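Top line first, the protein sequences correspond to chains D and G.
Residue 97 in my numbering sits at position 97 of the first sequence; the count goes up by one each step and never skips.
All you need for my numbering is the position in the second sequence, starting with 1, plus 142.
Since the hints were made in silico from the structure, they are not lab data.
Heads up, a few of these hints could be off.
Unchecked claim - Among the chain D residues that face chain G by a calculated CB cut under 8 angstroms, a handful are:
no., residue
1, Ser35
2, Ser59
3, Met95
4, His96
5, Met98
6, Val104
7, Glu107
8, Gln110
9, Ala111
10, Ala114
11, Phe115
12, Asn118
13, Val119
What the hints assert, rightly or not - Just the calculated beta-carbon pair ranges, DEER-fashion:
no., chain 1, residue 1, chain 2, residue 2, range
14, D, Asp67, G, Gln333, 36 to 44 angstroms
15, G, Leu218, D, Pro31, 24 to 32 angstroms
16, D, Asp85, G, Glu331, 49 to 57 angstroms
17, G, Gly264, D, His140, 42 to 50 angstroms
18, D, Gly58, G, Glu331, 52 to 60 angstroms
Computed from a predicted structure; not experimentally measured.
Just so it is clear, CB atoms sit at the ideal spot from N, CA and C, and this is done for glycine as well.
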Amino acid sequence: MTRLHLAIAIVAGLLFANSAKAAGLLIIANPSVVSPAPLTLSQIAAIYLLRVTAWPDGSHIVPVNRDATSETRAEFTADVLQADDASLAAYWNEMHYMGKLPPVVQESEQAMLAFIRNVPGSIGYISASTAPAGVKVLAHVP
Amino acid sequence: MIGFISRSIPRRILAALLSIYVATYFATAIVVYSGVRASLLESDATSLNQLADLKYEQLVNVIGALATDLRAWSELDVMNDLVSGDIDKRVAETLEALKRLYGLAGDIYAFDAAGKLLASSGAYPIDASRIGLPSQWKSDSPHLVFFDKETDPITRHQIIALAVPVFGTFDRSYRIGTLVMTYPWSSVENQLFGLEYGTLLLEKGEHARVLAANPADLASQTDFDPVRKQDRNLASRFVAGRSLPRSGLLANWQVVTLQASKAATRPLHWVALELALLGAVLGLPIVILGRWLSQRLTAPIADLTRVVREIADTDKLEARAPITSSDELGSLAHSFNRMTENLERTTREREQFLRELAALNQTLEAKIAARTTELEAAMTAQRRFIGDISHEIKSPLARLSMALGLARRSPESDRQRQFDRIEREVQNISALASELLTLARLDGSAVPSEFTTVDLADVVQEIVADARFEKPDRARDIVLRLERPALVLGDADLLRRAIENVVRNAIFYTAESTKVEISLSNKAPGLVALTVADHGPGVPEPALAHLFEPFYRVDEARARETGGTGIGLAICQRVVQLHDGNVRARNNDPHGLVVEFELPALHAAVPTTHR
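Bound-form chain G, shown alone:
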């Protein structure tokens, strides 16, 4: 039970409320119950007192009436006959008539002054002449005397007796006899006992005793000491009522009415039942109220607990505790929500960071892969390049070897021609080596070139002047459009070689009277553009992409015819790239080749660190 209650705060609150209620109600109920019981007993005792007094009064009335009658009778004239020994039996007749007329239950006896029984109201079994006045009835009192319960010496019945002295009517001081009236004890009991439970008649004083009891065993049942019986709380099993002490004939008597406490307190069963019912009826709303209150108090805690469990179980931080009040619990829920929000934000940031890291990783891998591919491509190109170089060197060497053999076997006159040829081949090889050296230097870029401010217009003009000098027949075919200045940051020598290569190609690969247009302009923004366009045969479209690769030739035969190493355009591209520019080739309309350079202008050129 305790475990059940202590597992839940609402149950605890409910249990506390209930126990307070039960304790309070129980205490109240006990007070009420004992109060009702006391007042019940009190009222019972009061009514018993009244009853006892009533009975006592009834007895007093009956005995008092008898006493009054007896006193009156003692003063009748006829009582004078007691002096003369009731010779005429007038007294006896009178007594008989009185008994008959008054319906007396007992007897009346008349004794003369000497104590001799002279007359009685009824017949008696003993010879009257022998009966003297019984000693217990002898009295010198001039007044009526009451004798308690005793045995009638004449009839042997249980009686009470009244004795009155008789005085002569002729002389009030002359006592002529005694009148005694008996009253049967059974009549006393009939007067006393009713239908109610317990009645006791007590004689007080020194010889206290129980005179009568109804039921008969009541005295032994209650086990009273009659004297001590004046004590109010004589027996807890009984409620007692007593007649009030009075003066008079029956001063020595007391009527006690008894009722068993159980019978007196029988209505208390109802009171107890009603109290219990009331307790239950009152308890019901208290339980309902307690439940409502405890749930209302602990609902925020339960919500918070549920949210915490949800978070712990699912790891989801979206859950929020509902804020239902502005008290401490509401503030707790609010703080909890803020904490959860912080946690959620931190978690989100971490996840984003991880995602970014993964993406970065991926990018890096992709870069590495790309670089690897690039490297592989470069290595393939390198191998092809080396193969090409070998091929390019092998051909002139073979021709050189053949020319040497011819020269040895040739006659003197022809030998000179063979030597010329040998020289030409050596020059070819030398030129190739020189070109290769340049290319290797550009590729390796071991030492960055010394960059200075160069006006491309000067460079182009110089190249065109050289070309016109070299090929005077084509001088007029060259159309030059220059925009000055066209400043760039770069290596003037390298730039000159790159541009010269293209210009020379345009002039040498085109037929006579074919226009070669060279234009230089400051193409906005911050870009210097150089275009070399011819109207020659051009190159097939697929070849355009490979034009800048080393040793690539569109037409092998024509190449050998026109000379050239086959790596001029490759050098050109490398140089332009070194200057952060680019070079493209496209076919002219309707035919011919256009090579376009783009280089960053000086004011826009970014100082770059070179590889």
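Chain D with its partners taken away, still in its complex shape:
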């Protein structure tokens, strides 16, 4: 990818981010993930707080987060996880000591999409304004 493409992508991301407030969030997952019903917010929160680590079929859940500076992440933290950054950081630190790694971080919507597409059992979120190409949408957070 050239730097030009990268620049376009960043600009596009910013644009999507600005429009995210209106559109809300899409919870996406690798297409291999089989979900009997749309996930509830508490279910999603349980996954990201590492309380649930496996899909109903037994496959490993790979939660993917955005970088801490991202507006999408701030929205996700506030709306879905319903916690503030400081307490989350403390929580994940605690989890780390217990041998559980916090969610993988991707720094852009595209990277998030590419990761989710490629890694089986992965789950992430994107702005509702971004097209969820090649991924399975599990829920829509307004």
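Since chain D is already given, all that's left is putting chain G on it; use the hints.
Coordinates of chain G only, in the frame set by chain D:
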């Protein structure tokens, strides 16, 4: 050289000693030299082994550090982006930063699980999207893999490579890509090669090959078969050291350090030089000792030889060999000296004998000469004697002839007187003939007289009695002193005639009233002495010596007057000599003649064989 040595025993001994020394020392020197050489090569090989091991370890450390780094890097969170195709270029940035921070000589490439090149530590000339994971780097191993020397498919440089699979941090079993790190071969060589002479890096195993060599032509120079190279004595020209085989990434590698044997054994030149010097230094006292010993051993022989030569050259037997020791040589010298002494004594005796013989010869010649002179004198005397006889006979014959002539012409009355005279002359001639006969008998001594024991006192007394009867007027003048007995061994008749002759002379040649002293004594030792001394006119001193010669007369005229043949005293002397005695005449004091007889006394008379 051999002739020079074999001419002298000391040289032979010296040569033998020297050759023993040289052989021994040479053998020792060879053993020492080869021992030193072996230990030199051994220590050299040891140090080369250590060096090779050190280099190998250095390589292992460097590559090991790289491998550790690469493993760590593969577990970075950011590597999760390989899943998302490194959209955010976070992996690329990380790789660039790592290369910069670690000062890496090579490059790091990140491939995703499908083998697509996603990121690298540097720019590369080819479009990344087209580059897949090079087939040689593909590996299913879940661990780090080491790739030997090869050409980097991206940069086309000679490199070695390390490849490590990358797994997602979220799921350790989920492989998300591969990290490959290259390391330039030139850096490997820089690590490997130092200032020392020869270093080889080998790849072992089936595809054994020389990976690197310093100098570059070393491999061809040594002409090794790398496989066979495990043989220790690979090349006599080189000493080799090898790294120990180890497990790990570089198990297939072996570092071989080489050094030319010549360089390794250069200190041996000094060893050889020192050995040669030591040999020479040790040889010097041995030569001196050998010379001393051989001369000491052969000096007695040389002395003996010199003495023998001296004797042979000069014929002088005084020379003696010095005896310096009590061994066999000393005993030889001793025996030689004894032999020489014997020879010398024999020679001396022979010379003395010869001298004596010569002296004897001389004496004999002298005797012969003396005898010849004596004979000549005797012959002269004989001739004179014959002349005298002729003269003595001629005179009475002339007178006889004259008397005969006178008688013929004389008248009858006077004839008687002439006849008397003729008779007298005939008696003279007859007496002379008788005397001559006696003398001839005594001289010739054809028949030895019959010797008996005679008492000279009886003989003398008889003669004196006859003389007194014959000359009564002189009877009182005769003084007789006799010592009885005066025994001698002899012919009484001859002795009587001899003594009578002297006594009669003393009486007839002296005037009346002149004393005639006759004494007979046993003069000690074993000698009978008879002295007849008168006090007449005596004889002139020069005549004394001739008194006992035949026909010698002191006074011719008086002799004819007194009568006598002139050979009475000669007969007297012969008789006395026949009896081993002697008779002398001397003048009496103040005048007169003394005749002394000396005859051996009977008990002392030696029975002699008479001529």
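Going back to the hint list, which numbers does this structure go against? 1, 2, 3, 4, 5
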